[in-house]
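J.: One letter stands for each residue in the lines below.
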Amino acid sequence: MTALDMRRRLRTVGSGLFFVAMLIVGLLVLLPIIIIVLTAFKPVAEVNAFPPSLLPSDWTLDNFTRIFTELPFARLILNSFVFAGGVTLCALVFDSLAAYVLARIDFKGSRVLLLIIVASLMIPFQATLIPIYQLVADFGWVNTFWGLIIPRAADAFGIFFLRQFFLSLPRDLDNAARIDGASEFRIFRSVVLPNAVPALLTLGIYTFVNNWNDLLWPLVFTTKQEMGTITSGLTLLTGPSGIVPYGVMMAGSLIAVVPLAIMFLFVQRRFIESVASTGLK
Amino acid sequence: MTASDTRPARRYRPPGQLGGRGPIGGQAKRRLTIAGFLLPALAILVLFVFWPMLSALRLSFTDASGFGQEEFIGLDNYVEVFSDPNILRAMGNTVLYTVMFTPLAVILALVLAMALNSPRLPLRGMFRTWLFLPFIVSLAVAAFAWQYLLDPQVGLVNYWLQTFGIRIGNVLQDPVLAMPTVVVVAVWKNFAFYMIVFLAGLQDIPSSLYEAAKMDGAGPWSRFRNITLPLLNNTTGFVLIIATIAALQAFDQIYVMTGGGPYRSTQTVVMQIYQSGFKDLELGFASALSYVLLVATLILSLVQFFFTGRREKDTA
Amino acid sequence: MKKLLAATALLAVAGLGLAACSSSDSGDTAGGPVTLTFWHGYTEADGDVLQGIVDDFNASQSEVTIEPEVKTWAVIDDTLLTALSADEGPDIVAMPAERLPVYASKGAFRDLTDFYASDDSNTAELNPQAVDMETVDGTVYGVPTGFVPLAVYYNKALFAAAGVTEFPTTWDEWVAAAEKLTVDENGDGTPEQYGMVLPDHATVANGVWPSLFYGNGGDIVEDGTTAVIDSPENAETLEYWSDAVATKKISPTGVDGVGADELFSSGKVAMTIGGPWMSSIAAENSIDYGIAAIPAGPAEQAASAIGVSMGITAQAGDAEAAAAETFFSYFFEPEVATAWSLGSGWPPLRTDIPAADVESNPTVAALTEISGTSRALLPGVVNSSDVLTEMDVVTQKALAGDDIASLLKDAQTAIQTTLDDQ
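Protein chains in written order, with the numbering used here: chain C, 21 to 301; chain G, 121 to 436; chain S, 38 to 459.
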């Protein structure tokens, strides 16, 4: 056996071990999710049964049909899309504009402004919820999509996140464009944004997921059931004394999570592509 | 052509200096441009973030309940924050939580991001989606699954540990183990986002740097220390700050899984803010406590900023 | 970027459209019929019955229209404050009774003293214990929509298997029966089946431990102002039950109220202390169950009550308040009260409804029989949630084996501080 063979073999063994290790980590991470999936297919009586079983003894779709009969499910999903999608689109546009200025243009007060923006992340939302609500009510936006979306149409986290990313893009690019006489908006749009696709996708996913899953916000800003989101709608299934019909709950959240998973699958492919393409610039 | 051909190895130039004042022209136009970029975001932030924060600051000097009448009571709320033993206990719990959560989540995220970035890992795309799943599941649902897993009678975790002769019992009702448990759930729920951020940072590091280091005979640890860490500095600083902020505001999974118990052992500052504001209807007091938290977080973040900033200089 | 902007615009338009079709009616024209929003948390079959009552009321006259909005009790508690802060809340809101005082003390509810005083309010025959829950500092701020004693729900099949034929009537008998019903087949010290489940925190309507304290002549707060938890009676109670759990292993430890309900529904425990909804939960899980009063303690037979109250919020104007009172009077008419009781599974709120009228619902009949033992939980205590947290600390630590005397002493101080604060 030559030394080269040896090294190659070690490499494959190493890769194999690495793969197995990741598989184990992945399974551990996945365990709670497996439970969610299996519970969704269990009949009501079996969820709390003792002794418990991991697999449903009797696979059923009852939990899924109950969701559709007890909740205006289609409407709730639509609302979730409008709310989470609206917030995400607005925030991506507004945050990236502000982050561009904070990262790429030196102006008086920019550091102070950044500090204030970051500091605003440090107050728990429970403290500002009521003042925000009063404002939204003053605008007459309770029970409207405006009330759900506009207060979140720009957010400090997104600005901070994108600013950090924009900082790391090489400056030669925009300086070259600047010397060519390009306007700031043009540099932003044609130089910085195309290179920031991974960051925009990451932030987009983050914002979308957080709003999609947010519970208190839609509960507070909408009092009518037909304006609720899927996440807030599921709370209605909780029984008196706080007993949760877990099977139905899991079924509902499984349906709710599918769009997110598909979105991430799509995005993570784009993510790799875009990162690969930045090598060419 | 690889990235390293066009990019300088060290790209973390301090902001400013080069930007702006170029050939674009007059100050007025420049100001207008800056204002135009900032306006939409700032309008929203001023209305729905800064103004509510100021309102909360004003409320912190009153006995407001949220509706009805309120009276100015000076610093009374702040005095109470620092004299109520339950509040002090909650602060201690929050510190404990942060000390456990932040390093655990950040290190796990970095390690897994490096694994996911390694070309030697087959099926990387699948693993990325897979490991990201906890982040997209809603917490209420995840908390159920965890409670099911941890259940002293029927849970798998107890069952498995028992085969190794370990009995942990009812961890969520154990005054010592409840806190680590809610930390583990939070790490599980949140590491994926930090991991993705690290991944984006890692993918920006040109592989030619590693190849060059390898030629010079640098081992994996030395490559990690001398290339990965310094070049990830911006990313790490960011992740550290957001992880710390998230930890200091721990609420969701505690609310769902332990409600702050047993015996207030998982009662965090934000749990207390919620309790004071929304249960006892003492919004003024809750606001005061929020501002104490804000100042504490700010100080901590500035310290972190200072340290990561210093490291940046050292490694440059 | 262009695509993003276009998509944003499209979404905004879509949002507008959706919003427009859902926010149409809200204006209440002066002089015309009054429309009242009514938040409640009756999400089960009881919700349908309530909706029926509201529909009948709306149809019975043309002055007032009630529009219920169903949420869970937890959601009402989490969102009411915010809604009230901007006058966007409901006109009528129902909530767990122990939550009413804190809202009332902050001025969230209208004073109902005059309503109770008027002859046609139908409130004269209401259970006085239930009205007690609505009173803060001598003023009534609400009306009861539910008042039921905690009761023991037991699994008949397990009772038969263990040969227990009589339901126990005293604490000693209760523990003895529970011991008989506890099964540790493999002898590992952890029973596979427990005789009962005694939750040690966040118990059903927070009432399990108060019930036991009352049973031995103890209490937690007197007159809404004085902490009395540190008493020899309560110390005895805690010692008695922590000993029963620790040495006789009759109950799993560290369980909360929801966990207790779940254990009972899984058939793993023979007895649980619960509310009327246990009937439907047991039925759903095909458990043949019986209902019995909580066995008498050494001093008396008493049970803490689960209460639900509804009140008129301060944001309702005079016209709305008058309209709401019309609805309350309707709600307490004997036939309506009977229908509500039968439909919800809770005993009638009026004391003058003959037992025969509610016989058709066995749960109601059984609960009505024992409703004489019920007592309101912490009536008039504004910061009840803080008091209950302290109580949970005591019971949880006592069952874990901590020193009971010092636990009670600490709780006494903490509760008194809370009461003085309010």
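Calculated directly from the structure, the hints in this document are not laboratory data.
One or more hints might be untrue.
To be verified - Keeping only pairs whose Cα atoms sit at most 16 Å apart, straight-line, the calculated EDC-like set for lysine to aspartate or glutamate is:
| id | chain 1 | residue 1 | chain 2 | residue 2 |
| --- | --- | --- | --- | --- |
| 1 | G | K399 | S | D115 |
| 2 | C | K244 | S | D225 |
| 3 | G | K149 | C | D126 |
Source: prediction; values computed, not measured.
J.: Look at each hint and say if it fits the structure.
T.: Cross-check of the supplied hints:
At most 16 Å may separate the alpha-carbon atoms for a hinted pair to count; K399/G and D115/S meet this at roughly 8 Å. Taking the CA atoms of K244/C and D225/S, the gap is near 53 Å; set against the 16 Å cutoff, the hint is violated. Proposed proximity of K149/G and D126/C is supported: the alpha carbons are some 14 Å apart, at most 16 Å.
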